[in-house]
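Kindly generate the complete structure, drawing on both the sequences and the hints.
Each chain, letter by letter, is given below.
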Amino acid sequence: MIKIKNLHASVEGKEILRGIDLEVKAGEIHAIMGPNGSGKSTLSSVLAGKEDYEVTEGEVLFNGKDLLEMDADVRAKEGLFLAFQYPVEIPGVSNINFLKTALAEKRIYEGREPVSAKDFLEMVKEKQKLVELDGKLANRSVNEGFSGGEKKRNEIFQMAMLEPKLAILDETDSGLDIDALRIVAKGVNALRTKNNAYIVITHYQRLLDHIVPDYVHILYKGKIVKSGGKELALELEAKGYEEIKKEFDATV
Amino acid sequence: MMIAEKTNTVKSLTDFLTLSSGKVSFIGNDALSKALSYLEKNGLPGKKQEEYKYCDLDSVIRKKFSDLKEIRSNEFDSKKIKKKDAINIFVVNGNYEPGISDPVNEKEMFLCRLSDLPSEHLSKITSIADPSADPFIALNTAYSGDGFYLRVNNSAMATKTIHVFYISTAEKASFINPRNLIEVVSGSQLDLIEEHLNFSKESIFSNYLSEKIVHESAILRSVTIQDENQNGFSANNNHIRVDKKGYYHNSTLTLSGSVVRNNHQVQMNGEYCETHLNGLFLTKGEQLVDNHTLMDHQKPNCESHELYKGVVDDKSTGIFNGKIYVRKDAQKTNAYQSSKNILLSDDGTVNTKPQLEIYADDVKCSHGTSTGKIDESAMFYLNARGISRENANKLLLNAFAGEVLEKIGIEGIKEEIENRLGLN
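Each protein sequence line maps, in turn, to chains A and B. The working numbering puts the first sequence at residues 245 to 496. The working numbering puts the second sequence at residues 31 to 454.
Worth double-checking, as some hints may not be accurate.
Unchecked claim - In silico lysine-lysine, DSS-like type, Cα no more than 30 Å apart, as pairs:
#, chain 1, residue 1, chain 2, residue 2
1, A, K344, B, K370
2, B, K424, A, K409
3, A, K395, B, K345
4, B, K403, A, K258
5, A, K362, B, K444
6, B, K437, A, K380
7, A, K344, B, K444
8, B, K424, A, K369
9, A, K380, B, K444
10, B, K424, A, K380
11, A, K294, B, K345
12, B, K94, B, K83
13, A, K294, B, K424
14, A, K249, A, K269
15, B, K190, B, K110
If you're looking for bench data, these hints aren't it; they were derived computationally from the structure. Keep in mind the model is a prediction, meaning the values are calculated, not measured.
What follows is the structure, given as structure tokens:
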């Protein structure tokens, strides 16, 4: 699905990612954990194609294609999805119109027939149910006036509509109460197939109780310093990040 | 400037303007001499006058509109542009053309050429737009075309929208002066669309002047559509009087035009009036669009709302100058003004200036202005969902413009404008 090789990236001349290697295969869930400032969000932004970041070294192959050469919208059309840590409010652009545009562009890109208005609305209804999102929100402006939980559920709703191959969930658990967390996780699990994959970026272990990863990676100072199975997250939770910092400060 | 030169200004004007001054019956001698002496004293609107500092039309008029003798007009097909559900009125090269216009329902309205204006209404001409107050009013008063008088009768609800087309068809570069007088009589209501189009291949300067009276408890909802293309230069002078409990709503949508200057002035002449002025302009190339507004609060308990939004691209210029004048008697005034702009290029210019003159002590006034670029975080969010920059731009500009378009009270206009702007 995605192969990240020796990825280095900087923002305003400061190097944040300092050689990331990661391979995610179809059907897998990878969790990336790490203390604040370790580069977790930078990694997701770089993969999604945010222009503020400069890739200085390395390559990323997405289903065999050079991801870093693509504009952000092309990455999405190729099947990459970023669930934002802070979903952006866009006054005046309705949720529905926004999704319609996104879906239409994707269909054209894939050379498929456009979705009929009727099918589209049915799809909206069905996918909203998945994350228990109020139907009224569809006609409101994108994320405007949404609560923290509604914003995150809206991200998963969009993901359900766009059916990406690889979804990166960037701290989707931040700002969520336990009920919202459960709804979000339920949505993600329902969308899981053997053909898609997830990278779940999180600071805490609690999301991983609900979205169970196949692999856990610890990111620290822009590098993956340790990888393991789901038990690594539990270990991290028990020890805390201080332990990791001590262990790797000498080597990183 | 020497006196002799000033006189020359007027002389050269009379020489080249298509209509010689004083020919029209509805402009009284007093008004005419006021207009001419104003022009003699002040010349054409240009940089030297504070009100036209950023909008130098003097040089435009001199360069493009000299040596004009007569209007020869090209044919145009009025049927092609007529609106199905409206009463269509055509004003061609400044003159109302009843032959191609729709008749009005005589129970509801009265419509005639200004030259046929019944004498009891003559005194209303120049009663709101003072020919010695502004060069464009003076020019129009001195060289007025034979426009129309429209009155919505007492207690009538005009059932159909009136759609007025101001069309330029001249074969040669021309300076034309469309004019009208519109009254919405006490308790009545009118939906009015005024659309300015240019079918000429040559430069046209259209100096439109309208005096509108919204009588007690009357409602006038109006839309001004300006789409006069790159050959179009225009001054759009709207002078409104709103009487007690009257309601006036206008949205001015500037879709094209080389130089467009809008002077929109509202006198709130009685208590409990409400006025809304909204504007939207999208400029490209070297276009200049200048909106000057005046909310003149003369009486207590009135409210005014203004929202002007501009999208400025390339080397174009957008100007908003909004004056709120609260007179001593106008206690309990509520006046709100907002101007927001998006600059799409590095070479574009936005000038925006709120001007508040408040002489009453118990008023609520607020104004705000902002100029920024396309919101890059919103852009990235849309891109990250697979929406191209081009389509994301459309969505964001449509959202920006939508705030103004949604305020239009007349059905169907929002969609039409979105289509004409390519925002859909």
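Structure-based check of all given hints:
Note on K344 (chain A) and K370 (chain B): the hinted pairing holds, with a Cα-Cα distance of about 28 Å set against a maximum of 30 Å. Only pairs whose Cα atoms come within 30 Å are accepted, and K424 (chain B) paired with K409 (chain A) is accepted, the gap being roughly 27 Å. For the hint pairing K395 (chain A) with K345 (chain B), the CA-to-CA distance comes to about 39 Å; that exceeds 30 Å, so the pair is violated. Between K403 (chain B) and K258 (chain A), the direct Cα distance comes to roughly 26 Å. Compliance with the 30 Å bound is thereby established for this hinted pair.
Annotation: proposed proximity of K362 (chain A) to K444 (chain B) holds, straight-line Cα distance about 24 Å (limit 30 Å). Proposed proximity of K437 (chain B) and K380 (chain A) is supported: the alpha carbons are some 22 Å apart, at most 30 Å. Of the pairs offered as hints, the one joining K344 (chain A) and K444 (chain B) holds, with about 20 Å between alpha carbons and a cut-off of 30 Å not exceeded. The straight-line distance between the Cα atoms of K424 (chain B) and K369 (chain A) is roughly 26 Å, inside the 30 Å bound, and the hint therefore holds.
Restraint check for K380 (chain A) and K444 (chain B): the C-alpha separation of about 23 Å stays at or below 30 Å, so the hint holds. Between the alpha carbons of K424 (chain B) and K380 (chain A) the distance comes to roughly 24 Å, so the proposed pair stays at or under 30 Å and holds. Proximity of K294 (chain A) to K345 (chain B) is assessed by CA-CA distance (about 29 Å); at most 30 Å being required, the pair is judged to hold. Distance restraint check for K94 (chain B) and K83 (chain B): the Cα-Cα separation of roughly 20 Å lies within the 30 Å cut-off, and the hinted pair is therefore satisfied.
Restraint check for K294 (chain A) and K424 (chain B): satisfied, since their Cα atoms lie roughly 20 Å apart, inside the 30 Å limit. Of the pairs offered as hints, the one joining K249 (chain A) and K269 (chain A) holds, with about 14 Å between alpha carbons and a cut-off of 30 Å not exceeded. Restraint check: the Cα-Cα separation between K190 (chain B) and K110 (chain B) comes to about 19 Å, which is no more than 30 Å; the hinted pair holds.
Checked against the numbered hints given earlier, this structure breaks only hint 3.
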